[in-house]
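Peer 1: Quick note, the sequences are listed as chains A, B and C, same order. According to the working numbering, the first sequence is numbered sequentially starting from 1. According to the working numbering, the second sequence is numbered sequentially starting from 1. According to the working numbering, the third sequence is numbered sequentially starting from 1.
In short, the hints are calculated from the structure, not lab data. Don't be surprised by glycine CBs; every beta carbon is placed ideally from N, CA and C. Be aware that one or more of the hints could be misleading.
Said to hold, decoys possible - Pair ranges (Cβ atoms, derived): (1) P68(A) with E475(C): 45 to 53 Å; (2) G12(B) with E475(C): 38 to 46 Å; (3) R204(C) with R57(B): 17 to 25 Å; (4) A441(C) with D31(B): 25 to 33 Å.
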Amino acid sequence: MAHVTLIGNLRQFTGGVTELEVTAGNVHQLFQRLGEKYPALLPHLETGSAVAIDGQIYQDALLQEIGPDSDVHILPQIAGG
Amino acid sequence: MAKHHITATVNGDPVEFLCEPQETLLDALRDQLNLTGTKEGCSTGDCGACSVTVNDRLVCSCLMLAVEADGKSINTIEGMAQGDELHPLQQKFLEHAALQCGICTPGFLVAAKALLDRKPDPSEIEVRYWLAGNLCRCTGYDKIVRAVLDAAQQMRGA
Amino acid sequence: MQEKVKDGQSSPFQVVGTRPVRPDGADKVTGRAKFGADLALPGQLVGKVLRSPHPHARIRSIDASAALALPGVKAVVTRDDFLEQSSEFIPAGEMMINYRDVVRNVMAREKVLYEGHAVAAVAATSAVIAKEALRLIKVDYEVLPHVIDVVEAMRPDAPVLHEDMRTAGLEPAPTTASNVAKQLEIGHGDIAAGFKEADVVIERAFTTKPVHQGYIEPHACVASVSEDGQADVWVSTQGHWVVRAHCARLLGWDIGKVRVTAAEIGGGFGGKTVVYLEPIALALSKKARRPVKMVMTREEVFKASGPTSGAHVRVKIGAKQDGRIVAAEAELKYQAGAFAGSPVQPGAMCAYAPYDIANVKVVGYDVVTNRPKVAAYRAPGGPISEFAVESVIDEIAGKIGIDPIELRLKNAAKQGTKAAYGPKFGPIGMVETLEAAKSHAHWRSPLGKHQGRGVASGFWFNIGGETSVSLGLNEDGTLSLTAGTPDIGGLRASLCMMAAEELGVPLDKIRVQIGDTGQLGYNFLTGGSRSTFSSGMATVEAARDVMKEACRRAAKLWELPDDAVEYSNGGVRPAGPNAGKHAPMSLKEIAGIAGKTGGPIVGYARINAAGAAPSLATHIADVEVDPETGKVSVIRYTAIQDAGRAIHPSYVEGQYQGGVAQGIGWALNEEYIYGDDGKLQNPGFLDYRVPVASDLPMIDTVIVEVPNPRHPYGVRGVGETPIVPPMAAIANAVANATGVRFTDLPMSPPRVLKALDEARAKGTAKV
């Protein structure tokens with residue numbers, strides 16, 4: 001199972017939970033699973049979140065694969081100037 | 001209000017154009033003569049992007065009225081290269097990567113040429129103070145100053 | 001002096017790492033290159049914007065009838081010409097924009113929220129007539145009290161900008177309106193426990209003022225809408241696909257009907273990642289049935305584009321006597337301007353990012369004020385928070401009695417470190433830049449009277465993103481490369497070099513252009529230090545696509561399997577057991593027969609570039625403080641930063657030097673000065689004082705290369721990190737020179753003098 005950590009304000013949509021284990025083959029599935037458990041979280045995942053998988057940050061990458069033991073962080077999306 | 005008829009020399013060529021009394025030389029160069037190499041950055045003479053020479057004097061063209069150009073000889077960035085041979089300043093700017101976005105570059109080249117026409121062997125400090133009226137936001141001026149000093153050296157045949 | 005630090009290997013590359021003249025260079029030094037204001041279309045009208053004189057007011061009514069009746073006026077637009085937008089966050093640019101706010105910033109709807117806020121616009125046959133028309137537009141304002149200071153705006157009794165704003169991130173959700181759009185928190189560990197362990201704790205409060213990106217080219221565009229609804233926009237922008245999306249959205253048009261061409265851009269630094277004039281120009285052009293050109297004046301740029309936040313920052317750091325930082329806390333209050341969306345989130349995430357700290361907590365507030373809506377500015381949010389952190393780290397070093405570089409080395413983030421914002425780092429160059437600083441001659445050189453030295457480090461994330469590139473092999477073997485990320489400072493040179501490196505062809509056989517939105521798939525904007533990384537990655541992929549197809553064509557002709565032909569030395573040849581069976585064919589020869597062997601050979605890449613990696617930096621600054629005037633002069637500066645791999649070292653150096661210059665301006669002189677009336681007092685370059693050539697020394701650079709394993713050439717974005725360290729490097733140098741710690745920027749002469757006088761009265765000044 002992938003170990004998922006929610007960074008920042010996302011905890012307010014999970015009742016304070018910031019770390020959990022999730023089975024998901026890619027980012028899209030991860031969002032679906034989290035959304036099933038915490039419906040209020042889903043819109044904030046689909047828009048405005050980046051996902052770090054084993055240290056590598058992905059933005060707008062629904063099909064990015066997640067390994068069975070991946071370390072995943074869900075972060076606010078980063079842009080630049 | 002009736003327009004004024006202006007006759008001048010620009011980059012060695014005789015030109016004529018019509019302009020309104022409040023138009024600046026910068027406006028006339030860009031809008032009447034389609035010489036858009038000279039840029040407008042501030043219109044208050046603070047940024048130097050509009051630098052041209054008028055009768056060999058370095059001028060902010062945004063601070064000069066177009067009507068004042070009558071009978072004068074104006075040189076802009078478009079007149080700096082000779083045919084397809086770039087002026088040493090232009091060449092050195094490229095070699096030293098002394099430009100990033102390039103918006104300030106025409107103003108710097110005209111201003112630097114005005115310096116070297118007067119003082120072929122300026123020090124770094126003299127180059128920096130002469131060019132203090134030309135703002136650049138991209139380069140931090142380092143490569144610009146190096147390019148000017150290098151061009152000066154080449155032009156001196158040193 | 002410019003140096004490079006590598007791992008000692010000789011270069012495996014032919015082209016990458018060299019310094020050729022950029023391909024767009026001749027046009028830039030002769031005035032031929034066309035920037036936003038350089039296009040003129042036949043029949044074009046001049047567009048001008050009517051702007052609010054009040055910092056905060058309700059709009060009761062707008063009557064433009066007299067303006068419309070003026071001879072020469074061909075169109076007028078107001079809020080009614082843009083579609084109302086529901087509140088919806090879109091990741092379509094910097095810092096998560098909300099279209100409901102975007103449409104209001106482009107043109108005020110219910111209220112004007114800052115002096116300079118656009119209220120209406122006209123298109124007329126001349127600038128004189130357009131200005132007269134603006135005077136004839138009658139706007140009935142109900143003036144409201146305003147608030148421009150971030151702390152004032154957070155007070156419960158402050159004038160409220162948006163009656164429906166409820167602070168996001170609070171539990172339970174609040175029910176009353178606030179100017180705090182969002183409250184956020186990041187961190188890990190237990191800072192209370194951490195501070196208990198500390199031998200030394202330093203807590204300081206800092207303030208920074210809003211500053212502007214200061215690009216020399218004002219915003220400019222030409223829009224032309226034809227009778228069948230096809231629209232064209234010529235604009236200097238950091239992202240023309242983003243412009244297209246925003247305009248289509250605000251006007252309710254199909255995206256495909258709008259084509260945007262990126263002009264050369266005269267500086268952006270984040271400030272040209274959003275729209276101001278373009279939707280207005282399009283709306284005017286549609287009504288007038290003629291092209292409309294709009295150019296901002298410098299005053300409009302300052303008042304009505306997007307400066308960055310001013311902020312109040314509190315930092316508290318605890319360390320053990322041996323230098324280990326055991327707890328780090330920060331509270332960031334950033335002002336967003338008139339609408340939500342300051343860069344407080346990235347500011348919070350990168351505040352402590354260069355370090356490996358077990359206990360971190362950063363709280364941030366995004367606060368609206370009656371000022372122009374902030375836009376991105378080079379590493380948005382980072383310079384502010386990292387200024388505060390790097391200043392306190394310097395004080396900690398002084399208190400413990402440890403060299404400031406050593407202190408940073410002891411706590412430096414490395415590969416595998418859990419970042420302050422969560423994930424573990426891949427390879428990063430924090431240690432390498434610190435070691436390079438430590439061994440640099442600058443660090444050891446002697447200082448003179450009234451001089452001081454400061455060091456500071458800095459971090460920025462860098463991004464990848466959607467990128468499309470097309471690489472066509474022409475019939476004569478030359479190549480046409482079309483990319484979609486506007487070139488703001490040398491990108492075309494780097495792309496050309498990467499393509500030449502891959503294909504083994506001379507640089508001058510590749511012509512590179514930035515295509516318009518009709519010519520390529522989507523490209524996210526140039527920003528986030530992404531263009532060399534992302535368009536470079538796409539260019540390499542497209543080049544490999546060409547090479548593969550070239551091999552395939554030869555294989556067919558030679559009756560060999562596809563994988564029995566290899567690309568080498570700018571051509572194709574049989575490989576392995578078939579080597580020597582046929583004479584190699586050059587890419588030129590392949591190009592010559594492409595049409596007859598299946599059709600044109602064009603390499604494409606359409607990717608969401610992933611694998612962007614952070615760039616770390618350490619800067620050393622020497623200053624001299626004039627004890628009589630308070631003037632701080634920067635007398636020596638060295639910028640050391642990890643580029644991963646420098647494709648064209650001159651342009652990498654240029655990014656370092658440019659960011660340093662902006663950071664020095666931010667530290668010493670730049671600020672938005674407002675009166676109590678909420679109006680900007682210095683909207684011009686005379687009084688908004690950016691560094692000029694006589695203010696700065698040569699800026700030495702050292703390019704460190706810790707390659708990014710996720711990029712074919714190891715590239716890391718470099719554009720933003722350089723602006724992060726200078727404010728603290730300078731403040732630390734001034735503290736070193738004077739004995740006075742400055743926590744409020746800018747450190748302009750009157751402020752420095754005042755502080756010196758106070759310190760002299762107390763006997764604590766060194767000058």
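Peer 1: Next step is simple, just say for each hint if it's right about the structure.
Peer 2: Do the hints match the structure? See the list:
| no. | hint | in the structure |
| --- | --- | --- |
| 1 | P68(A) with E475(C): 45 to 53 Å | holds, 51 Å |
| 2 | G12(B) with E475(C): 38 to 46 Å | holds, 41 Å |
| 3 | R204(C) with R57(B): 17 to 25 Å | violated, 52 Å |
| 4 | A441(C) with D31(B): 25 to 33 Å | violated, 52 Å |
The earlier numbered hints that this structure contradicts are 3 and 4.
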